[in-house]
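Asks: Could you fit the two chains together into a complex? Lean on the hints.
Protein chains in written order, with the working numbering: chain S, 1 to 433; chain W, 1 to 121.
Please keep in mind that the hints were generated in silico from the structure rather than gathered at the bench. A portion of the hints provided could be inaccurate.
Examples of chain S residues toward chain W, derived with CB under 10 Å [said to hold, decoys possible]:
1) Pro52
2) Leu223
3) Arg286
Ideal placement from N, C-alpha and C gives every residue a C-beta, glycine not left out.
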Amino acid sequence: MTDVAWIDAALTSARPQALGALLRYFRNLDTAEEAFQNACLRALKTWPQNGPPRDAAAWLIMVGRNVAIDDIRRGAKQQPLPDDDHAISDLDDAESELADRLDGSHYRDDILRLLFICCHPQLPATQQIALALRIVSGLTVKQIARAFLVSDAAMEQRITRAKSAVAKANVPFETPGAPERSERLAAVAAMLYLIFNEGYSASGESINLRAPLCEEAIRLGRLLLKLFPAEPEIMGLVALMLLQYARSAARFDANGALVLLDDQDRTLWNSKMIAEGLALIDKAMRHRRTGAYQIQAAIAALHARAAKPEDTDWAQIELLYGSLEILQPSPVITLNRSVAVSKVRGPEAALEMIAPLAAKLSNYFHFFGVQGAYLMQLDRNDEARESFNRAIALANTSAEADHIRMHLDRLMLESKPRAKVAIKAKNKAAGPK
Amino acid sequence: MLYAILCYHDEAVVGGWSKDEDDAVMAKLAVVHGKLAQQGRLGPVARLLPTTAATTLRKDEPPVVLDGPFAETKEQLLGFYVVEAENLDGALEIAQDLGRANPGGAYEIRPIGVFHGAFQP
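Only chain W is shown next, with the shape it has when bound in the complex (with noise of 0.2 Å):
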């Protein structure tokens, strides 16, 4: 079964980062990322550029475009993957591995109904 794992943090802490303090992070993750790949259950991996960049479309009759988030949160979404797990232990299994390398804020764990192939930016 495929899974979402929707990544949310406080934005303004995650963008308060220093490089060197977001490069460590990185590189935590880096390993469990590895580690997955490697059992061939890592699928799209996304870091998303902060609300502030985002757009929201209603889809109203006409359409409306609006700056900003869909929702004022004080957690934002700010990244999500895409993984193979055989249920949702296996699910909460890897989210834990991949919250101990980055820890703070939550991940929300979404069984996937459909999915269609990804592609290399």
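So that you can see chain S by itself, here it is in the shape it has in the complex (with noise of 0.2 Å):
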């Protein structure tokens, strides 16, 4: 790697620890950011002849820390300085005694700190997942706006508007309690699988531009496993984001449209996102503390490990969405386990499980798709079209309603070749004896 790629990288990974530090020390987030621009700045002008820092957080804050100041000193900021107390020793030899007590608890609830400003309950998801996006990970509005498919203006806005509505929130600075450390970690989980969500539920053309997202909640993810290494949820979110995000190559053919699981070709799973969304699921199942992100990850373990479809456990499956069931009661979750209803007991079972979530799920196109398959499978065609055409036209994406058109198409082939057969044993019959 270049001179660049690697600083890049540097200041890519050092960044949530360095911005969240800054952040504690300033209470303001657009002073951290601008103190931590700065001291990207210099580090890149040095770092490339000093060679790099043996502990670049510790020098970004330093640095963004010291410049940061002198601008307030100078009088460019109407702002006032922060207590003493907070300071940290600008001694030129002090990285190693700043490295040292970051290493202890602080850097741990800073990150944690900067992750939960992004989430704030009064931001929709949308905002908190920019935010997020914009402050922790350091991507561009631009390259933010791409991955959302919206104007770099639209997005500039909407990064804005959180911006001040977190101001507004005023997140408290002191070192959070148990309990209250536990709620965020909690609200930033949340966070995370939205942020990858917003990437794994992206089709067609959007693809490419949105498996950044998916990517970056995973690094995010592993980041907030290592400040916390021993909570099961934790492990069990990043498994599950690693379990999926695996089988990403085998999701769409090369015309863009979706391919059923059943259906996937399993030798383009990574297998080494696999392998670790296995360990960890394994070690987060022994703490016997069971969470719904362990269980979807469980879930997503079993189908990982079947190198055939036929090879599932769907028993096990079932039993999971019913654990998953009782935790957070869903018609969604219901309708998910009739999926592994059907594999164990038949279509007639799972359509017979879901005939009461009609009413709840009218206007959810998978509720339509997963009936019509049911149907399909039990030969009653006519209304197998019906629940296609519902689902077709409840479609989120392109991809999704093209997926339904290749169901229906399987229903006018298989509805013709039956035809054929029925005259040809009638011709048979009718033949000469």
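Replies: Here it is as structure tokens:
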């Protein structure tokens, strides 16, 4: 790698810790960001000559802080200096001492706080994600706008709005207590999964544009897991994301059409990601503190472990969906469980199970897609066609609609040969004796 | 003499490589591996999963199982080689070859005391 590429990677990886510490120090997001930015500029100037510092994050914190304080002293900013209590020593040889202090407990809460301010409950999900990608990941507005398929100006506005909401939200800067910390952790985990899904639910041309969202969510998940290594739900979350993302190369065909799990070429699955996901869920289960991410990861793990679709342990998957239903009752989860039921006890049982969901899921694409599939398996083709037509009307993406159309085409094809067979049989019967 | 070459690097940096960057490093390393294998000097090679996947067993009585790697360090053990070299100079030469293909981080070269046969998973 070239110098610049190396420095770029180091800056990205140091960003959450450095920015988190600067935020604790200045208690103002804009000042902290500017300080970090200035520190990065200095790094680009001095690191190629002097070589990389022993601890990039500590270097950036110290330099960023000093530059910002100089600015404030010069009167460029009408802003009071923070108390000396919070001051970080600016002696040149303070780096190692600083690094030791940062290795302590502070930086864990700094990074958690930085992530947490992005998922303030008053912010809509799309703003949370955009803010986290901008502030924590350091993606440019342009990069985020591309991933969300909106203009740069619209994204700029979205992030500015989110930032001012966050500034008003007054997230406390004191070290959080244990209950508060676990609340923050849960909120941050939910936000990371949102980022992941934003990337994972992409289809068509946006797949490549949005894949970085999945990768960023996994990267931040690993970071969180490093900070909180004994949290089974964080292990579950990272495992879930890895196991799902491992399948991405097999999820769409060359034309961008969705390929169902059963039809995927499993040799395209990323075995390294699967190994990591399986290792994490394995570790998580030992804690015997179940949670929604762990259960979903365990389901994904059963799919990942099956070399062929027919090797899938559907009975176990049904049990896991059953536990998930108890933990988070939702018609969507019942719908998912019905898929396992159809494999274990047949489409009739599955159809019966989803019948009560019809009212609640009357606007849900997947409900009609799944219902149509069961009906098709039962040879109730007219009803199946009706369900598929409703699904197409509710499809969110063109890939979803195309996928259902493929089922409809299959129905057409299936009804034709059968008709031919019937005619042949008739001919045979009517033929010469 | 057998040597272990233990590979240390900042996991966040290596984990941050794009697939292309990762592939490029692996392709360069493959050339060095090929050369060593041809000379019959390459033993088992392992690239480890991230330290977040690690578990530590403290052999106390009773034993204690801890999540995470044994040591929290700035650079992590990310993989290792077992190679055959005449002496430390030879092992260092191999490590330098590997290092040119995969810069950054550090290699710890440790002579091996006892070595039992490897298995192919």
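Asks: Does each hint fit the structure? Answer for all of them.
Replies: Structure-based check of each hint:
| no. | hint | result |
| --- | --- | --- |
| 1 | Pro52 | holds (9 Å) |
| 2 | Leu223 | holds (7 Å) |
| 3 | Arg286 | holds (7 Å) |
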